[in-house]
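*Asks:* Chain by chain, the residues run as shown.
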Amino acid sequence: MSKRRRGGAFFAFCLAFAAAALLPLGAARAQTTITIATVNNGDMVVMQRLAPQFERQNPNIRLRWVVLEENVLRQRVTTDIATRAGQFDVLTIGNYEVPIWAKQGWLSAFDNLPAGYDAEDLLPAVRTGISHENKLYALPFYAESAMTYYRTDLLQRAGITMPEKPTYAQIREIAEKITDKNSQTYGLCLRGKPGWGENMGFVTPLVTAFGGQWFDNQWRTKIDTPEWRRAITWYSDGLRQFGPPGATSNGFNETLALFAGGRCGLWIDATVAAGLLYDPKQSQVADRVGFAPMPTGDFAGGPTWLWSWNLAIPATSKQQEAARAFVAWATSKEYIQLVARENGWVAVPPGTRRSTYENAEYQKAAPFASFVLRAINEANPTASTREPRPYGGAQFVGIPEYQGIGTQVGQTIATTLTGQNVEQALRGAQSATERAMRQAGYPK
Amino acid sequence: MKQTAAQRALIAALAWGVALLLFFPILWMVLTSFKSEVAAIATPPQLLFEPTLESYAEVQSRAEYLRFALNSVVVSLGGTLLALAFAVPAAYSMAFHPTERTRGTLLWMLSTKMLPPVGVLVPIYLLFRTVGALDTRTGLVVIYALMNLPILVWMLFTFFKEVPKEILEAGRMDGARTGGEFWHLLLPLTLPGIASTGLLSLILCWNEAFWSLNLTSSEAAPLTAFIASFSSPQGLFFAKLSAASTMAVAPILVFGWLSQRQLVRGLTFGAVK
Chain A
1 MSKRRRGGAF FAFCLAFAAA ALLPLGAARA QTTITIATVN NGDMVVMQRL
51 APQFERQNPN IRLRWVVLEE NVLRQRVTTD IATRAGQFDV LTIGNYEVPI
101 WAKQGWLSAF DNLPAGYDAE DLLPAVRTGI SHENKLYALP FYAESAMTYY
151 RTDLLQRAGI TMPEKPTYAQ IREIAEKITD KNSQTYGLCL RGKPGWGENM
201 GFVTPLVTAF GGQWFDNQWR TKIDTPEWRR AITWYSDGLR QFGPPGATSN
251 GFNETLALFA GGRCGLWIDA TVAAGLLYDP KQSQVADRVG FAPMPTGDFA
301 GGPTWLWSWN LAIPATSKQQ EAARAFVAWA TSKEYIQLVA RENGWVAVPP
351 GTRRSTYENA EYQKAAPFAS FVLRAINEAN PTASTREPRP YGGAQFVGIP
401 EYQGIGTQVG QTIATTLTGQ NVEQALRGAQ SATERAMRQA GYPK
Chain B
1 MKQTAAQRAL IAALAWGVAL LLFFPILWMV LTSFKSEVAA IATPPQLLFE
51 PTLESYAEVQ SRAEYLRFAL NSVVVSLGGT LLALAFAVPA AYSMAFHPTE
101 RTRGTLLWML STKMLPPVGV LVPIYLLFRT VGALDTRTGL VVIYALMNLP
151 ILVWMLFTFF KEVPKEILEA GRMDGARTGG EFWHLLLPLT LPGIASTGLL
201 SLILCWNEAF WSLNLTSSEA APLTAFIASF SSPQGLFFAK LSAASTMAVA
251 PILVFGWLSQ RQLVRGLTFG AVK
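As they're listed, the protein sequences go chains A and B. In terms of the numbering used here, the first sequence is residues 1 to 444. In terms of the numbering used here, the second sequence is residues 1 to 273.
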């Protein structure tokens, strides 16, 4: 080999190897393949495990799964839909996104559902949350509201009984009595980690219960108000005095871990935690958990908390029919029966269908079932706050800008847990929100 | 100046301290992967626990590790080699045949690394969609090569600069052409440098998470996507996530350990004249 040819061999090798890696691996497929993007929550993992049964019933449809972390999924799916790339045929999205995306024309409507599907069986509150102009744009996979969890043994030891409908003032009194920092038992655990889906998920209904709201009917920001001040003072005083150390790093999962590990006396959070706290494999306090409704403040009947995880089909999907068949299967009564047969009634996806709650076996397996149903029915996501409001959503504000605004205000609220003055924090949050809303062009 | 025994012991202790500090998160991840989900979140953290393989079994049953690992190997190697194929000639010409614009070109190349990748996500996503490169290994190889090219050119440029021009001139006097000059003179002299550049690029590709998460979905998804799929917004996942992460970093850790001599030799190449 001449020197020159050998000299070039190095580059040729590099290029050849790179080229070999570049060869596409796609093989011809006779079947219809649908790609499902989902988060990794327990109920979705069960769905993925049971999906081969759907493939057996529909031999011409193959399922491909893309499982991602919630925030990555949201970013990934938004990019894909906004650029109309059509990489996904079924999406797992929340009831925050569904109406906003439907309005953008990003989702396909579910109008002609098969007769056996029984859409009337879906809980009305959940259905409303995923409708736009009276059409369903997603089908609910599971749904949650919020409730109060408490340690029966700690309350008993302190000689207290949990009121049937506790108020925030009573919760504070109980927290004070059961806190014992020496034994690392914290009376009150709440989300403290900043984020629109983290601390603000709790703070927004708290503010509503104290009579406050985000915006008035003219889209004027209402954060720097006495109602917010009282609510945030309750929150930050309570967590600082009776809460675990480092509360600002506790989101849903971290708080769940604390409660499951026996460190919390009281916890107000999503109803989905009930199934996890009652599971002895995941919880050290499974036999000592009590539950009560979400506490109330001086304004009752306002929106509280309603979240649903739904399956939707992007308008860009090229496999609309197959995707609809899958979504209808995964959200059907038959699917709930299938999970019950395979994993037991306590494992069925909660919060979506009346028929689930009417089932005696479910009521027996999940003692919290009636609480969850009542909490969802009373979540009132479209109800008015004390003063009328121009937006929907229970523990969030149903406008596209809320992800940014909610997270920013969440960061400011979190500073009150580390010593920032509540009034100053709310003034800061007020002006930041006013600025963001002005930039977004409100009032629209 | 001679060191006393005490000084040597102090330096050794300091080195061990720093090394342990850097290694601790990885050690903790490996330990957590052998815990049950409840033990993984126990406060105070448990150092002594009953080890279990249940997280590994769960991870195995939920996702095909080997498919993700194969994608990682192919795109990391492909991206590195493609980048080297362009970076070596580029660095050669800039080191040995500089023009008045060479410095500016080098700085401009580096400046492309200053933009956060998310700033160009939508244009690149649209380009990929148009050419059909979404969720393909091809797409990732090209992106990885482009992503690492500035770093590779800069590293190779500094290695090549260390080689006295006179050696190449002597070769040319003896009748070597560009290819021979590179093959017989430059390559043997700078091999540690080229090797360590390649190794670094390989590690950067392996760990890259932004593009791989955004541009792939299932067919071409590498190990970063595999890890991401074990984090969950509702439910305990730390043990499973640790098991998935341990499985994802194990190959590159072993690889890095085997090649550490090359890596250190290359990175300190030319540091002491």
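Think of the hints as simulated: they come from the structure by calculation, not from any bench. Each hint should be verified, as a subset may be incorrect.
List of simulated lysine to any residue pairs, SDA-like, C-alpha gap at most 20 angstroms [what the hints assert, rightly or not]: (1) A:K281 <-> B:V131; (2) A:K181 <-> B:A42; (3) A:K181 <-> A:K222; (4) A:K222 <-> A:Q156; (5) A:K318 <-> B:L53; (6) A:K193 <-> B:P233; (7) A:K281 <-> B:P233; (8) A:K181 <-> A:G246; (9) A:K193 <-> A:P390; (10) B:K161 <-> B:Q260; (11) A:K444 <-> A:K364; (12) A:K165 <-> A:G246; (13) A:K281 <-> B:E54; (14) B:K161 <-> B:S93; (15) A:K318 <-> B:I11; (16) A:K364 <-> A:P390; (17) A:K181 <-> A:K281; (18) A:K318 <-> B:F86; (19) A:K281 <-> B:S218; (20) A:K281 <-> B:A39; (21) A:K318 <-> B:E54; (22) A:K281 <-> A:G344; (23) A:K193 <-> B:F86.
*Asks:* The structure should be examined with respect to each hint, and the outcome stated for every one.
*Replies:* Taking the hints in turn, this is what the structure says about them:
Straight-line distance between C-alpha atoms of K281 (chain A) and V131 (chain B) comes to about 49 angstroms, which puts the hinted pair past the 20 angstroms bound. With a C-alpha separation of about 17 angstroms, the suggested pairing of K181 (chain A) with A42 (chain B) holds against the 20 angstroms cut-off. About 36 angstroms separates the Cα atoms of K181 (chain A) and K222 (chain A), which puts this hinted pair outside 20 angstroms; it is violated. About 41 angstroms separates the Cα atoms of K222 (chain A) and Q156 (chain A), which puts this hinted pair outside 20 angstroms; it is violated.
Distance hint between K318 (chain A) and L53 (chain B) is unfulfilled; the C-alpha atoms sit about 41 angstroms from each other, more than 20 angstroms. Taking the CA atoms of K193 (chain A) and P233 (chain B), the gap is near 13 angstroms; set against the 20 angstroms cutoff, the hint holds. A distance of roughly 19 angstroms separates the Cα atoms of K281 (chain A) and P233 (chain B); the hinted pair therefore holds under the 20 angstroms criterion. Pair hint K181 (chain A) plus G246 (chain A) holds up; C-alpha atoms about 14 angstroms apart against a cutoff of 20 angstroms.
For a cut-off of 20 angstroms, the pair hint linking K193 (chain A) to P390 (chain A) is broken: about 28 angstroms separates their Cα positions. A distance of roughly 24 angstroms separates the Cα atoms of K161 (chain B) and Q260 (chain B); the hinted pair therefore is violated under the 20 angstroms criterion. Taking the CA atoms of K444 (chain A) and K364 (chain A), the gap is about 49 angstroms. The hint is violated against a cut of 20 angstroms. With a C-alpha separation of about 29 angstroms, the suggested pairing of K165 (chain A) with G246 (chain A) is violated against the 20 angstroms cut-off.
With a C-alpha separation of about 12 angstroms, the suggested pair K281 (chain A) and E54 (chain B) falls inside the 20 angstroms cut-off, and the hint holds. Restraint check: the Cα-Cα separation between K161 (chain B) and S93 (chain B) comes to about 11 angstroms, which is no more than 20 angstroms; the hinted pair holds. In summary, the hint linking K318 (chain A) to I11 (chain B) is not supported, as the alpha carbons are separated by about 64 angstroms, beyond the 20 angstroms threshold. Under the criterion of a C-alpha separation no larger than 20 angstroms, the hint pairing K364 (chain A) with P390 (chain A) is inconsistent with the structure, at around 41 angstroms.
Distance check on the hinted pair: K181 (chain A) and K281 (chain A) sit about 26 angstroms apart at the alpha-carbon level, beyond 20 angstroms; violated. Distance hint between K318 (chain A) and F86 (chain B) is unfulfilled; the C-alpha atoms sit about 38 angstroms from each other, more than 20 angstroms. For the proposed pair K281 (chain A) and S218 (chain B), the alpha carbon gap of about 31 angstroms is over 20 angstroms, so the pair is violated. With a C-alpha separation of about 11 angstroms, the suggested pair K281 (chain A) and A39 (chain B) falls inside the 20 angstroms cut-off, and the hint holds.
Under the criterion of a C-alpha separation no larger than 20 angstroms, the hint pairing K318 (chain A) with E54 (chain B) is inconsistent with the structure, at around 39 angstroms. Between K281 (chain A) and G344 (chain A) the alpha-carbon distance is near 15 angstroms, which keeps this suggested pair within the 20 angstroms criterion. For the proposed pair K193 (chain A) and F86 (chain B), the alpha carbon gap of about 46 angstroms is over 20 angstroms, so the pair is violated.
In this structure, the hints that do not hold are numbers 1, 3, 4, 5, 9, 10, 11, 12, 15, 16, 17, 18, 19, 21, 23, in rising order.
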